[in-house]
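Protein chains in written order, with the numbering used here: chain A, 1 to 331; chain B, 1 to 293.
Simulated from the structure, these hints should not be mistaken for lab results. Just so we're clear, the structure is a prediction, and the values are computed from it rather than from any experiment. Just so it is clear, CB atoms sit at the ideal spot from N, CA and C, and this is done for glycine as well. There's no promise every hint is true.
Stated by the list, open to error - Derived contacts from chain A toward chain B, CB cut-off under 7 Å, selection only:
hint: 1; residue: V27
hint: 2; residue: F30
hint: 3; residue: A34
hint: 4; residue: A36
hint: 5; residue: S39
hint: 6; residue: F41
hint: 7; residue: L169
hint: 8; residue: V173
hint: 9; residue: P263
hint: 10; residue: I266
hint: 11; residue: L270
hint: 12; residue: V292
hint: 13; residue: T305
Unchecked claim - Non-contacting residues of chain A with respect to chain B, defined by C-beta distances greater than 12 Å in every case (computed):
hint: 14; residue: R62
hint: 15; residue: F118
hint: 16; residue: A127
hint: 17; residue: T180
hint: 18; residue: T182
hint: 19; residue: A193
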Amino acid sequence: MTSSLPWGAMARLVGRRLLFAAPILLVVTFGVFAIAAASPFDPVKAYAGTAALGADAGTLERLRENLGVDEPFASRWWNWLTSALSGDLGQSAVMRQPVAQVIAERLVWSTLLCAVAFAVAVLAGTALGVLAARRPGSALDRVVTSLAYALEAAPVFWLALLAIWFFALQWGVLPAGGLTDTASEQVTPGQVATHLVLPAGVLAVSQLPWFTLYVRQGVGDALAEDPVRGARARGLSERTVLLGHALRSGLLPVLTLIGSRVPELITGALLVESVFGWPGIAAATVEAATAVDFPLLAALTTLATAAVLLGNLLADLLYGLFDPRVKFSDM
Amino acid sequence: MTCESPSRPTWRSYGTDRRSTRTVRVRLSAVLVTAAVLAVLLVPPLVRLDQQAVDLGARLLPPNWSHPFGTDDLGRDLLLRCVYGLRVSLLVGVVAAFTATVIGTVVGATAGALGGWVDRGVMRVVDTFSSVPHLLLGIFIVALFRPGVWPVVVSVALTHWLSTARIVRAEVLSLRSRPYIDAAVSGGASRWRVAVRHLLPAVLPQAALAAVLMVPHAMWHESALSFLGLGLPTHTASLGTLIQGARGSLLAGQWWPTLFPGLFVIVPTLAIAGLAGAWRERINPRRRSELML
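Chain A with its partners taken away, still in its complex shape (with noise of 0.2 Å):
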């Protein structure tokens, strides 16, 4: 298989796709700037303070100029923008450091999170999926079915706090939040995995309908279909069936939709890295929203908008590899 890969035919698709990105990612940063600039935000007071309350206006005149306040927000953008791809992120305020070392101290944690939670549900949801298709009508389908519905309608942030009533206060097994307990010093690897299972478990959860939905309706159209039928009149036994052709023909769709996924899965550790208190970058994300920390906030928005190009280059790179009707040259 390894030397059937399209490989020039994938490049050049991840070629076009960053050609489209760039020019969305650019519009994207302006319209940050837009909005910021028709809000009634005001940097210089952000900027100083509680002290600008007690300065007078001269001080606080010279820290507009300073600051490049007065400037047309669009070379305020392009002034961001030239200094961004030099490296240069600004400054935030509310985390006391430079943006690009707060994103690579943070990004780490969140990648963490977000790919343990994400293998997770994409491998219960699979197997539950199966499970309930394997019966259509079943007790064990509708109580899959009508499950999964609830989740999906259920407010992640109070899926998380409930999580924390129930394994952290009642029975106490496992760490309310953070990365570490307070008392320790170091950032082991057992520390963070008890401190992980919590908000992995939940943003798993969260994202687990949505597969478990998926692959019970993709698994159950491929029951109904000639090559399963086919496959038990041949005597084949239902092991082989159930996972050898209708999982496999049924999977193959939600597999290749799992990049799309992204702008879920932000949203999803959006809310529960602030709730478990979990150190990443999306917990940065609300704290340098509640501060009004522009800097930090463009620089993060830029990158959500990134990652969820990313998905959806992914998503058409699986989508273009595992069916042989498309061609790559055509996405």
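Starting from the known structure of chain A, fit chain B onto it as the hints suggest.
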């Protein structure tokens, strides 16, 4: 696994004998939606109780006969607080969903009907908007324009019109190639007349369905923003504000101030989705029931 009983073959096609379950589900959804709407409309004028009434003697009572949902840390009745919270959340959800549907329908219909570079340009804008995660864009807008109800409504509306625009555009594109539109055009009907007399009536049911399905989504969005402390101001408590406010009690072990506002988000969401699912099967009978949310 091999001993299947002959009366229940596993390859039986989907959804043939579930008619009755479906009817029950639709009726239950209808009852719940009606109950929720009646509650938020009638309870405030009819029940002359102050939802903000503080009773420090009755702090954090677990659910009991006089307070079915218990009381919060200031002794306020949680059932009443939840109904008022649902009222605020539902109002924000309906206004935001309506605004988003109007924007989406106008944009989608314009793109589909005019075609050419307008269509390409509009769809590029839609693509750009959808590459920013919705909640993140909402957080960004609300953070800069808060506090207040309007930033929340605007941010939810601005992030939710995209799917409606796509649906309406696709519908208009498929209508444009139908013979009766050709007949109207060759009969001398103006562009405006074709749009108003033929395209709009065909598109409206789809747009209305999208609007109804959007209400729970918008509610969810609003409660997430309020929960993060960026949404509605605390004196207009929505369900998200209630859950946020209950965090202290939860850490002290009281589960009811957190549990019930969450159920007030889930139950209306499922009921609206159940009703909309039945409606979709009626207007798109060929498309088998898909995922509802």
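How the hints compare with the structure:
Proximity of V27(A) to chain B holds as hinted, the smallest CB-CB distance being about 5 Å (cut-off 7 Å). Hint status for F30(A) relative to chain B: violated, with the closest Cβ pair at about 10 Å, above 7 Å. Taking 7 Å as the C-beta cut-off, the interface hint given for A34(A) is violated, the closest approach to chain B being about 11 Å. With its C-beta approaching chain B no nearer than about 6 Å, A36(A) sits inside the 7 Å limit, and its interface hint holds.
Here the hint on S39(A) is kept, as its CB sits about 4 Å from the closest CB of chain B, short of 7 Å. Interface hint at F41(A): satisfied, since its Cβ lies 5 Å from the closest Cβ of chain B, which is below the 7 Å cut-off. The interface hint given for L169(A) is met, as the beta carbon of that residue sits about 6 Å from the closest beta carbon of chain B, less than 7 Å. For V173(A), the interface hint is violated, the least distance from its beta-carbon to any beta-carbon of chain B being 16 Å, above 7 Å.
Checking P263(A) against chain B: minimum C-beta separation of about 4 Å stays under 7 Å; hint holds. Here the hint on I266(A) is kept, as its CB sits about 4 Å from the closest CB of chain B, short of 7 Å. Look at L270(A): its Cβ gets to within about 6 Å of chain B, closer than 7 Å, so that hint holds up. Here the hint on V292(A) is kept, as its CB sits about 6 Å from the closest CB of chain B, short of 7 Å.
Residue-level restraint check for T305(A) holds (minimum Cβ-Cβ distance to chain B is 5 Å; threshold 7 Å). With a minimum CB-CB distance of about 25 Å to chain B, R62(A) clears the 12 Å threshold, and the non-interface call stands. Its beta-carbon lying about 15 Å from the closest one in chain B, F118(A) satisfies the requirement of being farther than 12 Å from that chain. Every beta carbon of chain B lies more than 12 Å from that of A127(A), the smallest distance being close to 16 Å; the non-interface claim holds.
Every C-beta of chain B lies more than 12 Å from that of T180(A), the closest at about 19 Å, which supports listing it as non-interface. Non-interface status of T182(A) relative to chain B is upheld: no Cβ of that chain comes within 12 Å, the nearest being about 15 Å off. Against chain B, the non-interface label of A193(A) holds: every CB pair exceeds 12 Å, the least being about 23 Å.
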